[in-house]
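A.B. asks: Take a look at the letters that make up each chain.
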Amino acid sequence: MKTHLNTLFVTQEGTYLHRDGAAVEVRQEGKPRLRVPLHNLDGICCFAWDCTASAALLAACAEADVTVSFHTPSGKFQAATRGFTSGNILLRRAQYRASEDESLSLAIARNMVAAKIANARQVILRVVRDHGSRDEEKAARLSAAAEQLTHRVRFAQAADNLDSLRGVEGDAATFYFGAFSDLLTNNEFVLDARQRRPPIDPVNALLSFCYTLLMHDCRSALEGCGLDPQCGFLHRDRPGRQSLALDLMEELRAPIADRVALTLLNRRQLGHKDFETRENGGVYLKPDGRKTVFAAWQERKQTEILHPLLDERISYGLLPHIQARLLARHLRGDLDGYPAFLTR
Amino acid sequence: MYLLVAYDVSTSTPAGQRRLRRVAKVCQDYGQRVQNSVFECKVEPAHYVAFKQSLLTIINSQTDSLRFYHLGRNWKHRVEQYGKNTGYDIEGLLLVE
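Chains as they are written, first to last, in this note's numbering: chain V, 111 to 454; chain U, 42 to 138.
Just so you know, not all the hints are guaranteed correct.
Within a straight-line C-alpha distance of at most 30 Å, the following computed DSSO-like cross-link-like pairs (lysine-lysine) qualify [what the hints assert, rightly or not]:
no.	chain 1	residue 1	chain 2	residue 2
1	U	Lys125	V	Lys401
2	V	Lys141	U	Lys125
3	U	Lys117	U	Lys66
4	U	Lys125	U	Lys93
5	U	Lys117	V	Lys401
6	U	Lys125	U	Lys66
7	V	Lys383	V	Lys248
8	U	Lys93	U	Lys117
9	V	Lys396	V	Lys383
10	V	Lys141	U	Lys66
11	V	Lys401	V	Lys141
12	V	Lys141	V	Lys396
Take a look, some chain U residues computed to stay more than 10 Å from chain V by CB distance [as the list claims (entries may be wrong)]:
no.	residue
13	Tyr71
14	Lys93
15	Gln94
16	Asp105
17	Trp116
If you are wondering where the hints come from, they were derived from the structure by calculation, not from laboratory data.
The beta carbon of each residue, even a glycine, is placed where N, CA and C say it ideally should be.
The whole structure should be built from the sequences, with the hints applied where relevant.
C.D. replies: Right under this line is the structure:
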């Protein structure tokens, strides 16, 4: 039986998490607030500066495959804990070998990037299908962007080295984010260009926050099947960078994170009052806005889709885990190529 | 699988009081307390076997009683709540703010 497990989010400052039997107990001001059995969780995400967890809890989480990660209140990843390096050394060796081999890396990265662009294209086409008749000018602009992305999928598939592949990816991102404002039916918001560190408008802030959540899920999925999240194929090694988690995210950004962001804005579940501008010029989600995003994220993870390769109904929340497993099977030599996830 | 676990442990002896505490402790490892001796648990079938076994080794079958109700897939339609609610939805948003 396959189930996808829940994530516990903590946003309150001054929270203490500790182990109580086989459960995690959340305490505030010394009083128990919530107790959740660990076997119902696959992650704990803390978004606060002053949030502590006992060593016994971290050990129990490592044992039970529950990823604990700590973020700043605005969502920037700070640290995550892990137990003893687990999993299969043979699999990890295969992963390192593939990452050092340019042609193997390229073959995997090509599928990931092509899927990323194709999935972004599907997000655009869906909006054209659903809302295109309302504003024909918009629909025409979106169709043109989708057309450009179609070419970029081919370029990505034909790329003969990693650098040119990254070039195609960046190029496609420019077209995609250039069309992003047209994906918003809520005219209060626009996206001029994708901007990070810090995000300078609400749409960028929301996208960054959603990518943070996706990152947590991808990282734990990789660790769950014994892969090293730091050793990537498209993203190169850099100390502290979770390159493979970033790789795995690519194909899932549009169907999971971007769609959540678009839905929240288009349904007007988020408004300008949910964002604030800080002194550094960065725009961030306020606590209430963050809560809205968590709820939408959890709902998205429970939405079921038909996995095109496995031909089985699964939830979006399970998708990172399934893709990580498929990647592991490819690295072990059980699959000829890495089948990246493609939305219909 | 979604379970409702209810128990009655005779506390007329110190040994009974100890059993009651141990039963509650095991139940807390697997689910959430919704009333004094009633727990709702979402468990995998393998967990259920271990869960049931550890409870059965604790209770005294002469004096205590233990009931498992299997709520099935559509448990959400089978549970109604009135009055003070201290529980959470294990499949919904878990947020401490």
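A.B. asks: What hint numbers does the structure not satisfy?
C.D. replies: 13
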